[in-house]
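Asker: Here is what each chain is made of, one letter per residue.
There are 2 protein chains.
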Amino acid sequence: MYFGFSLLQTDRSSHARLGQITTPHGQIATPAFAPVGTQATVKALDPRDLHELGAELILSNTYHLYLRPGADVVAELGGLHRFMGWDGPILTDSGGFQVFSLAGRRTSGDEGVLFRSHIDGSQHLFTPELVMRVQEELGADIIMCLDECAEPHDRAYNEQALARTHAWAARCLAAHSRADQALFGIVQGGIWADLRQQSAETLTALDFPGYAIGGLSVGESKAEMHAMLEVTAPLLPADKPRYLMGVGAPEDLVEGVARGIDLFDCVLPTRLARNAALFTRQGRINLRNARFERDPAPAEAGCGCYTCRHFSLAYLHHLFKAQELLGYRLATIHNVHLLVELMREIRGAIAEGRFAAMKEEFLAGYRVIPEERRGLGSSKEGR
Amino acid sequence: MYFGFSLLQTDRSSHARLGQITTPHGQIATPAFAPVGTQATVKALDPRDLHELGAELILSNTYHLYLRPGADVVAELGGLHRFMGWDGPILTDSGGFQVFSLAGRRTSGDEGVLFRSHIDGSQHLFTPELVMRVQEELGADIIMCLDECAEPHDRAYNEQALARTHAWAARCLAAHSRADQALFGIVQGGIWADLRQQSAETLTALDFPGYAIGGLSVGESKAEMHAMLEVTAPLLPADKPRYLMGVGAPEDLVEGVARGIDLFDCVLPTRLARNAALFTRQGRINLRNARFERDPAPAEAGCGCYTCRHFSLAYLHHLFKAQELLGYRLATIHNVHLLVELMREIRGAIAEGRFAAMKEEFLAGYRVIPEERRGLGSSKEGR
Chain A
474 MYFGFSLLQT DRSSHARLGQ ITTPHGQIAT PAFAPVGTQA TVKALDPRDL
524 HELGAELILS NTYHLYLRPG ADVVAELGGL HRFMGWDGPI LTDSGGFQVF
574 SLAGRRTSGD EGVLFRSHID GSQHLFTPEL VMRVQEELGA DIIMCLDECA
624 EPHDRAYNEQ ALARTHAWAA RCLAAHSRAD QALFGIVQGG IWADLRQQSA
674 ETLTALDFPG YAIGGLSVGE SKAEMHAMLE VTAPLLPADK PRYLMGVGAP
724 EDLVEGVARG IDLFDCVLPT RLARNAALFT RQGRINLRNA RFERDPAPAE
774 AGCGCYTCRH FSLAYLHHLF KAQELLGYRL ATIHNVHLLV ELMREIRGAI
824 AEGRFAAMKE EFLAGYRVIP EERRGLGSSK EGR
Chain B
474 MYFGFSLLQT DRSSHARLGQ ITTPHGQIAT PAFAPVGTQA TVKALDPRDL
524 HELGAELILS NTYHLYLRPG ADVVAELGGL HRFMGWDGPI LTDSGGFQVF
574 SLAGRRTSGD EGVLFRSHID GSQHLFTPEL VMRVQEELGA DIIMCLDECA
624 EPHDRAYNEQ ALARTHAWAA RCLAAHSRAD QALFGIVQGG IWADLRQQSA
674 ETLTALDFPG YAIGGLSVGE SKAEMHAMLE VTAPLLPADK PRYLMGVGAP
724 EDLVEGVARG IDLFDCVLPT RLARNAALFT RQGRINLRNA RFERDPAPAE
774 AGCGCYTCRH FSLAYLHHLF KAQELLGYRL ATIHNVHLLV ELMREIRGAI
824 AEGRFAAMKE EFLAGYRVIP EERRGLGSSK EGR
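Protein sequence lines correspond, in order, to chains A and B.
If you want the numbering used here, it's the 1-based position in the first sequence plus 473.
If you want the numbering used here, it's the 1-based position in the second sequence plus 473.
Since the hints were made in silico from the structure, they are not lab data.
Just to be clear, a hint being listed does not mean it is correct.
Because identical chains cannot be distinguished in the list, a pair is counted as satisfied if it fits within a single copy or across any two copies.
Unchecked claim - Here are the simulated lysine to aspartate or glutamate pairs, DMTMM-like style, with alpha carbons at most 25 angstroms apart:
#1 K695 - E814
#2 K713 - E724
#3 K713 - D667
#4 K794 - D593
#5 K713 - D593
#6 K794 - E610
Construct all of the structure, not just a fragment, from the sequences and the given hints.
Answerer: Have a look at this one:
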């Protein structure tokens with residue numbers, strides 16, 4: 474068996490779950506956060522960094538790799554793992570999210586979605602069958618169905634997109650041929666509980682080895698996102714992993730786990746880092762802030778990451794003011810470390826039956842940016 | 474004794490020397506190449522990378538650190554070593570080279586050199602005394618006298634600049650107070666043998682613990698540079714280290730060692746790397762070249778660097794095409810590795826009495842870019 478999921482423990486006070494995913498490239502303790510390596514590299518990090526950070530799964534984007542360097546090139550060089558020098562588990566998305574983010578550059582129909590490359594304007598048609606072939610050439614451990622991600626508040630568009638997403642899911646399943654890759658279905662339905670329910674039922678009937686929840690963190694409020702998770706997660710089979718796509722703010726990870734999510738991915742930690750924003754246990758800080766100019770303290774007292782063990786806020790401030798490449802790297806290390814470490818703590822708390830207290834304590838200390846606007850592409854890798 | 478130099482062996486067939494420099498932050502086996510960390514970071518690398526690469530000395534630029542973050546800030550944070558997290562030996566230049574490169578933005582007089590910051594246009598006066606104070610605040614192990622670097626072919630300007638450089642050297646020596654920092658004098662004189670001789674004699678009379686040769690690799694031909702080294706090096710005391718400033722092309726290192734040079738620094742390996750150019754034993758290659766698109770080989774067969782051990786030319790090509798930060802880092806690692814490794818081989822060859830053969834073999838295999846134009850600021854860190 475190439476792929477498996479063991480549900481090890483369920484929290485009494487919430488829907489939080491402790492589990493383990495097995496893939497041909499190793500195991501993933503869940504709940505887990507996957508850093509995003511859009512173009513076959515987690516921006517500013519190398520594979521050794523990722524191992525040292527304790528990342529057990531990374532995500533890479535089919536849309537980007539299909540366009541550059543091309544899935545055939547990656548396949549010729551031995552597949553994505555070998556190409557990028559990462560021997561751990563990889564998940565590739567279907568490219569659907571990126572393509573549907575190409576406002577004005579794409580047209581979707583039942584056959585698939587026609588789009589123009591953001592690189593050279595060339596025209597391409599993504600069908601469920603092509604997206605399966607491309608992901609098979611890339612060779613990730615977990616691959617995703619082509620889905621249509623609709624604006625969450627648009628009921629009519631969500632109904633139409635959902636029918637297509639379901640038809641495409643069946644076509645992806647039929648086209649999928651590599652036994653060493655696990656194909657996940659993606660539940661859609663915007664902020665509409667009945668559509669989410671319909672989607673969960675339709676897809677579970679197709680019996681995928683795992684299920685993603687898509688179309689969230691794309692402009693809806695946090696309350697709406699939570700409501701959709703509460704509707705959807707209980708409808709998914711308990712013995713399959715549940716993956717919330719494109720979500721990665723610390724508070725969202727904690728809230729997602731409480732609602733039964735096992736996997737998360739997001740560009741947020743890496744993108745924020747390149748913009749000088751660091752996660753701390755108290756909330757976000759911006760390294761460009763003048764108050765850090767002479768601050769000898771690390772970004773977070775007690776943090777075990779390479780950055781905090783060796784460098785002061787003053788040095789990080791200097792690196793960003795001076796636009797030095799090392800700044801992007803050190804900030805990225807810290808942000809990814811915080812999320813990976815947070816997931817480790819969450820797993821420990823679930824295992825010891827104290828997840829509710831841990832969640833409460835974390836959220837009490839963490840200053841959330843209120844109802845932050847997170848439109849399409851803002852927290853997910855766009856173009 | 475804080476600083477020392479031991480001459481361990483002299484080559485029979487050339488002026489090559491094997492030695493060891495002792496500093497408060499460790500020893501440096503010479504001949505050695507020092508990577509440049511202009512703004513308190515060797516661009517794209519972290520201190521652990523530098524240790525792993527075997528770099529034993531790094532250079533940082535007084536001009537840049539004086540302007541940003543300010544030497545007082547660095548001092549307040551415990552000095553440059555602590556600020557940048559590098560516990561090995563550091564050399565700071567005087568800032569003179571950068572200031573004299575600010576064409577149209579500076580005026581020099583006997584007192585010092587008045588210039589406008591490239592960052593905000595603010596006006597500053599570098600005097601020998603200020604430059605000493607700034608370098609003492611930074612706290613490097615080896616510091617440099619303020620000198621005036623003249624256009625090498627301009628005889629009149631070189632005569633005037635040399636008188637100033639000598640007067641400033643004496644003032645630097647008088648102003649220098651930290652016993653744990655070794656102050657080096659800088660021989661100038663353009664491409665004029667008599668001026669170089671005069672400079673070497675004047676400065677050695679001041680009895681510095683080490684001597685730099687400046688004003689080379691700034692627009693003169695390689696033949697002119699070699700001639701000046703042949704004139705100057707024999708006039709410097711055998712028991713003091715000799716440092717050729719701003720030189721770092723592989724062929725120049727070999728040629729410099731043959732003429733009695735112990736230390737080199739240059740931004741060339743790091744700057745070329747960020748422009749996708751890699752050193753190999755056969756010469757330079759450019760990673761953007763389309764011929765590498767599907768090349769599964771490493772940049773250099775048999776190379777022991779992290780980059781060559783883990784990544785193909787095809788992957789490096791992809792990273793540069795996709796403008797990924799990891800590309801700059803991996804290319805920088807390879808280029809610095811090659812120079813540090815080349816110096817290690819040179820030391821081994823001198824120790825075993827086969828430097829002449831090693832030099833000949835290296836130069837026979839290495840395709841030099843013929844009489845490359847290397848104007849001011851091209852191979853040294855400019856602004």
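Asker: So, for every hint listed, does it hold in this structure?
Answerer: Structure-based check of each hint:
Taking identical chains as interchangeable, the C-alpha atoms of K695 and E814 lie at most 25 angstroms apart only when both belong to the same chain, with a minimum of 23 angstroms there against 54 angstroms between chains. Proximity of K713 and E724 under a CA criterion of 25 angstroms is satisfied intra-copy only: 24 angstroms inside one chain copy versus 61 angstroms between copies. Taking the closest pair of Cα atoms, K713 and D667 come within 25 angstroms of each other only inside a single copy of the chain (22 angstroms); across copies the shortest separation is 83 angstroms, beyond that limit. In this assembly of identical chains, K794 and D593 lie within 25 angstroms of each other by CA distance solely across copies; the values are 13 angstroms between and 33 angstroms within a copy.
Neither within a single protomer nor between protomers do K713 and D593 lie at most 25 angstroms apart by alpha-carbon distance, with minima of 40 angstroms and 58 angstroms respectively. For a Cα distance limit of 25 angstroms, the shortest separation of K794 from E610 across copies, 21 angstroms, qualifies, whereas the shortest one inside one copy, 42 angstroms, does not.
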